[in-house]
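Asks: Same order as they appear, the protein sequences are chains E and P. Count along the first sequence from 1, add 63, and you get the number used in the numbering used here. Count along the second sequence from 1, add 51, and you get the number used in the numbering used here.
Check before you lean on any hint, since a few could be wrong.
Cβ-Cβ distance ranges computed for the label pairs, FRET-style [stated by the list, open to error]: (1) Trp138/P / Ser110/E: 56 to 66 angstroms; (2) Arg214/E / Ile466/P: 46 to 56 angstroms; (3) His127/E / Gly228/P: 25 to 35 angstroms; (4) Arg143/E / Asp339/P: 19 to 29 angstroms.
Worth flagging that the hints you see were computed from the coordinates, not collected in a lab. The beta carbon of each residue, even a glycine, is placed where N, CA and C say it ideally should be.
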Amino acid sequence: MAWIDKLVGRSPVGPMQEHMRAAVACARQVVPLVEAMVSGDRDAIRSQRGEIDRLEHRADEIKHQIRSHLPRRLMLAIERRDMLEILDHQDSIADVTQDIAELVDQRGMKLPDELAEPVRRLAARVVAACDQAQRIIDELDELVETGFAGREASRVEEMISELARIESETDELLDRACRTLFGIEERLGISTVYWHQILLWIADLADYAERVGNRLRLLIAN
Amino acid sequence: MGWREARAIARTHSAPNETLVYPPALLCVTGVLQKAGSLGGGRLLGVPIEIWLAGVLALYMAWAIGANDVANAMGTSVGSGALTVRWAIVVAALLEFSGAFLAGGHVTDTVRKGMLDMDRVSADSLLYGMLAALTSAATLLLGATRLGLPVSTTHAIVGAIVGFGAVAIGPDAVAWGKVGQIVASWLTSPLLSGVLAYGIFQFTRRAVLDRESPIEQVRRLGPIFFFYVFFIVGLVTLFKGLANLSLDLDLPQALLGSCLLGLVGAGVGWFFLRRVKEGEPDRDHRFDQVERVFVVLQILTACAVAFAHGSNDVANSIGPLAAIVSVVEGGGEIVGKSPVRPWMLAVGGLGIVFGLATWGYRVMETVGRKITELTPSRGFAAELAAATTIVLASRLGIPVSTTHTLVGAVLGVGIARGIGALDMRVVGSIVVSWVATLPISAGLSIFFYYFFKGLLS
Chain E
64 MAWIDKLVGR SPVGPMQEHM RAAVACARQV VPLVEAMVSG DRDAIRSQRG
114 EIDRLEHRAD EIKHQIRSHL PRRLMLAIER RDMLEILDHQ DSIADVTQDI
164 AELVDQRGMK LPDELAEPVR RLAARVVAAC DQAQRIIDEL DELVETGFAG
214 REASRVEEMI SELARIESET DELLDRACRT LFGIEERLGI STVYWHQILL
264 WIADLADYAE RVGNRLRLLI AN
Chain P
52 MGWREARAIA RTHSAPNETL VYPPALLCVT GVLQKAGSLG GGRLLGVPIE
102 IWLAGVLALY MAWAIGANDV ANAMGTSVGS GALTVRWAIV VAALLEFSGA
152 FLAGGHVTDT VRKGMLDMDR VSADSLLYGM LAALTSAATL LLGATRLGLP
202 VSTTHAIVGA IVGFGAVAIG PDAVAWGKVG QIVASWLTSP LLSGVLAYGI
252 FQFTRRAVLD RESPIEQVRR LGPIFFFYVF FIVGLVTLFK GLANLSLDLD
302 LPQALLGSCL LGLVGAGVGW FFLRRVKEGE PDRDHRFDQV ERVFVVLQIL
352 TACAVAFAHG SNDVANSIGP LAAIVSVVEG GGEIVGKSPV RPWMLAVGGL
402 GIVFGLATWG YRVMETVGRK ITELTPSRGF AAELAAATTI VLASRLGIPV
452 STTHTLVGAV LGVGIARGIG ALDMRVVGSI VVSWVATLPI SAGLSIFFYY
502 FFKGLLS
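Next up, chain E with everything else stripped away, as it sits in the complex:
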């Protein structure tokens, strides 16, 4: 049986799920980061950034491992190209979280009181989108088990639709937060630009989460 075990290579599905867990764990840190921004505590911001860097680094390591163990000679249940594309979206979740933490830390930004509530709500919903995307990726092994068809496939499609709903909610929350931001832009001055960038990045997390789901939807449709 030695040769059968060699023939049946290690499926990349498990590592893909592991990577998604790491990336989403990173994105979840946005909520405490927002709290640190609200209080304006630079030490708290710095320690949050440290935690985010650590999680991003872990996601990166898993990504490199997957990439280097996905040689062309493997015939995969999920095509190589699709797999790498999903992996890229997953990785963006961690990367963008890191971008947010970097900027907030470098400029030592304290969130204006008017923005506290809208940003909290946006961040919470964005994390909900990421969590939903992780639940979807957790179904990947079940999808392979059932060959991307039947009841399992419709279950996952339902989950992807739910993800899309959450994402469009984050769009609305982003819109509201931006309006609040621009309402006080005279007072904030140049900071407005940076806050706007941070709001967009936070919303981007939900966007990448949705892309993970959408790419998977295409796989099921195949």
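Given the coordinates of chain E, work out where chain P should sit on it, guided by the hints.
Replies: Showing chain P alone in chain E's frame:
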């Protein structure tokens, strides 16, 4: 488990180093036998020395088969915890043996008579040639196992027979049509089992995995699978297969008997499937419970593969032995029919059990401890397809390779997007080893032909 550990485990799978000790040890034994024979006037304990030699070599070949192949079928069942190593060996030995005894006669005939034009083969060259065939096939088998390459026992012996035939008698004595048929089976047997595996897997997916309650479905369908396996095995065994027991049934009788056997099998399946404990449902792995039920079905197909393997591959060691014995007992005449005697089967069976005990045991334990990516539902589809193909081919007298059919079947499941990852480079090296088997084994056999000719004449 990380990638690195997985690879480390795969490495420990290849055969242990002491493999290389066996061929020299064997040559010593043949030397001693020859010496003893020359002292005793060509006889040892009243039995001609050639038969002693043939017996030892057939034992060696059967041992190589047992060490190499037999653990394959049962390994995954051990891995899933469905069978203990001890039970797996008992079951494997039993089924291999009964496969050889009950359904092995047809391939034995092909191996013995089909490859060469027997009218042109002298008794002496047949004797040396068959001894050479056994030795070279077994040597090749061990070498390949050492390299972790799955070569075909069948094709090793066929290559060896063609090898000595072409040299000792002449290329035109070789039945090249038959050889062509075997070369064609490189393509047809994996293709057939691949298509079957694809179909079986798609069926289990539609009928079980995609359903609302897969566990209920697999319990309901399980007995049908049991019926099918018992029916096929029964049909092949009963329809003129029981010549060894001087029991010849015609087709309607065989059909009836197979149906009865199938019904018994369905009952057994129903009983066992009912007893599978489902365990706690796991939210993250909702299909674990279904797979646990599939474990039972996989034991069944593993048994079927063992039976098929016995019917197909064990004949490879017994066939040449029977030919040698008939030459020696015929006093240099090549008798038309060389019957397979019970003691020859015992030699084959003994060799296999011995191989299992010395090597297969460890292979099985290693395979068993490893988390395989081939889940029971996949293993089931692949093994059922392979067993069907082998059993049918062995009934038709076409010597196909157990290995080839299994590879084809695994690929079939993979094409149905049922397996996470298949390493196509491994497929490439396997195919190369298939093609290389015939010439290498032919070359070895030519060498051993002159060796035995020098030793015995």
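Asks: In ascending order, which of the hints set out earlier in this document are inconsistent with the structure?
Replies: When the structure is compared with the hints, numbers 2 and 3 turn out to be violated.
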